[in-house]
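Modelling step: build the complete structure from the supplied sequences, incorporating the hints.
These protein sequences, in sequence, are chains A and B.
Take the first sequence: its letters are residues 1032 to 1323, numbered as in the working numbering.
Take the second sequence: its letters are residues 97 to 439, numbered as in the working numbering.
What the hints contain is simulated information worked out from the structure, not anything from laboratory work.
It should be emphasised that the depicted structure is a prediction, and the values quoted were computed from it without experimental measurement.
No residue lacks a Cβ here, since even glycine has one placed at the ideal position from N, Cα and C.
Computed list of lysine-lysine pairs in DSS-like fashion (alpha-carbon distance at most 27 Å, straight line):
hint, chain 1, residue 1, chain 2, residue 2
1, A, K1300, B, K413
2, A, K1037, A, K1195
3, A, K1301, B, K432
4, A, K1288, B, K232
5, A, K1288, B, K238
6, A, K1195, B, K303
7, B, K296, A, K1145
8, A, K1287, B, K232
9, B, K235, A, K1285
10, A, K1301, B, K429
11, B, K435, A, K1300
Chain B residues, not near chain A, derived (Cβ > 12 Å throughout):
hint, residue
12, E128
13, K136
14, A167
15, D168
16, G284
17, D290
18, K293
19, Y294
20, S331
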Amino acid sequence: MKKTLKIVVLAKQVPDTRNVGKDAMKADGTVNRAALPAIFNPEDLNALEQALTLKDMCPGSTVEVLTMGPPRAADVIRDAMFRGADGGVLLTDRKFAGSDTLATSYALSRAIRKMNPDIIVAGRQAIDGDTAQVGPQVAEKLGLPQVTYAEQILSVDEGQIVIKRRLERGVEVVSCPLPMVMTVNASAPECRPQHAKLVMKYKHAKTISEIQALQEDYYTSLRDARPYLNITEWSVADVDADDQQLGLTGSPTKVKKIENVVFQAKEAKKLTGSDADINELMQELIASHTLG
Amino acid sequence: MRTEMNNIFVYCEIENGAVADVSLELLTKGRELADKLGCKLEALAIGHGLQGIEKKLAAYGADTVWVADAADLAPFRTLPHAAIICGIFKEEKPQIALFGATSVGRDLAPRVSSALHSGLTADCTSLEIGDHTENKTGKEYKDLLYQIRPAFGGNIIATIINPDHRPQMATVREGVMKMQEAAKPGAGEVKTVDYKKYLKDTDLAVKIIEREMEERKVNIKGASVVVAGGYGMGSKENFGMLYELASVLGGEVGASRAAVDAGFAEHARQVGQTGVTVRPKLYIACGISGQIQHTAGMDQSAMIISINNDEAAPINKIADYAIVGDVMTVIPKMIKSYKQNSK
Chain A
1032 MKKTLKIVVL AKQVPDTRNV GKDAMKADGT VNRAALPAIF NPEDLNALEQ
1082 ALTLKDMCPG STVEVLTMGP PRAADVIRDA MFRGADGGVL LTDRKFAGSD
1132 TLATSYALSR AIRKMNPDII VAGRQAIDGD TAQVGPQVAE KLGLPQVTYA
1182 EQILSVDEGQ IVIKRRLERG VEVVSCPLPM VMTVNASAPE CRPQHAKLVM
1232 KYKHAKTISE IQALQEDYYT SLRDARPYLN ITEWSVADVD ADDQQLGLTG
1282 SPTKVKKIEN VVFQAKEAKK LTGSDADINE LMQELIASHT LG
Chain B
97 MRTEMNNIFV YCEIENGAVA DVSLELLTKG RELADKLGCK LEALAIGHGL
147 QGIEKKLAAY GADTVWVADA ADLAPFRTLP HAAIICGIFK EEKPQIALFG
197 ATSVGRDLAP RVSSALHSGL TADCTSLEIG DHTENKTGKE YKDLLYQIRP
247 AFGGNIIATI INPDHRPQMA TVREGVMKMQ EAAKPGAGEV KTVDYKKYLK
297 DTDLAVKIIE REMEERKVNI KGASVVVAGG YGMGSKENFG MLYELASVLG
347 GEVGASRAAV DAGFAEHARQ VGQTGVTVRP KLYIACGISG QIQHTAGMDQ
397 SAMIISINND EAAPINKIAD YAIVGDVMTV IPKMIKSYKQ NSK
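This is the structure:
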């Protein structure tokens, strides 16, 4: 008998590090997220797909997205709902600002405890930090086993999940008891696209702060009439988190110094692609025993 | 009363009884740091069939080798290894703990850092010892580990410190640090770990059903010539020309992250912060712009030639020769010229 699962996907809205401008960093060395285009972290989309696949395998299961970030991070929850997630939670509070991976994991673990899922699915890592630390750290904070670099879920039943993992130089199939945390690799299937019907259904999904900011009774009444449009918003107090473990105070790692990348100019010898230039270069490389 | 040694620990990855290169590289670096700090270098060997492993680890400078040897401990599984490491660290209180930034280390180190509430910096490209003064309080810290890494898509270089929590933890990719036997080998004193006292039954709940490890097919790390292509190569088909040049010059093909992401080459060929670090005699960068993420993995090459139609490409700032031109016409000329001149 397959049971229905309660699945939580950890997703992060990240600055698109491929398009970084001059004002991307603040004086304290933290990222000025406001100055950058924000996207759904790519591997978190792979994670969402795995969660939706699990839901397909076990009908009646629910997929909720948990994200921590500024109010605009609600975008990733809406995006996920357009692709098949049932809803989500935005964890937002100024007290989270400046959190390193450990403080972030602590905050997320507090919210996850409240959501009480069977399976937590996260992307392997986020493109703004590339640390791959939050998945395993969340697992540890919750006292749950972890399966990292998941590529495919082979089966789930009787409180066990069987997962294929992609390692640097190989593949491993492991079984893990539920509840558990898994992180998903970019080599896993891409996320299904937004579905027109779901976009129609959820386009007015909003957090309470978003509705208050709009100051329109329309949305308030809509929310009352259609509770599924409600994106949950939690603060530090809502998840009963300890201030001392959050933000800069709760982060063991500190940024001592940030240097913008300035290449040390070395005098490169400029060559054209002409036959003569290339020929001279190759002769030089052979003569200096760099080649051959 | 036991004294707290505050030494440097290196977690050693072992596959089929052989120590991974990355672990020997970390021991080499750890030895240097230990000498600077005047402390000991200790190696953790957790696995099965580890008899005699201390000899290899001592050659790379390990003063002490902690050995936990049991069938349950190999192949690597997160929870038992994490529990044993946490148990040892709680008793030994290391000041620094280093892990490879590998499938194993990047899975294990965050678990350990969370359990010990110690800071962890991923994928460091440099580790140094230095002091720190806290701006607000004026409090001074001596001999911290500076954990240096590119961040934010490689647009910045960050120096991270963990002033108040121990151990100071870092992961480092394979090939970033040099691997060198110690001038004076360590004592390699074996300490057999009574590992069972650290394990709970639930630590063994994840079971490995199947495991297929491939031999390393691509060895760009050991190549004396690396011909690397970037996104500017345009397609996987165009990469074919790089294989031809590499084969003529007796080298290997590397790739930038952008080229790997675009599917032009497999990940094993990726050079840079999230790939392999190489130090060949000659590095030929073809259609590579030269983001720091990439250059961090190749700027120690003895000679760098760039081929790029953009004269202002950052790669030209670190290149010895900058060929401004179209890769698709330049590479065949190089092949032809080499064949003619090397006869």
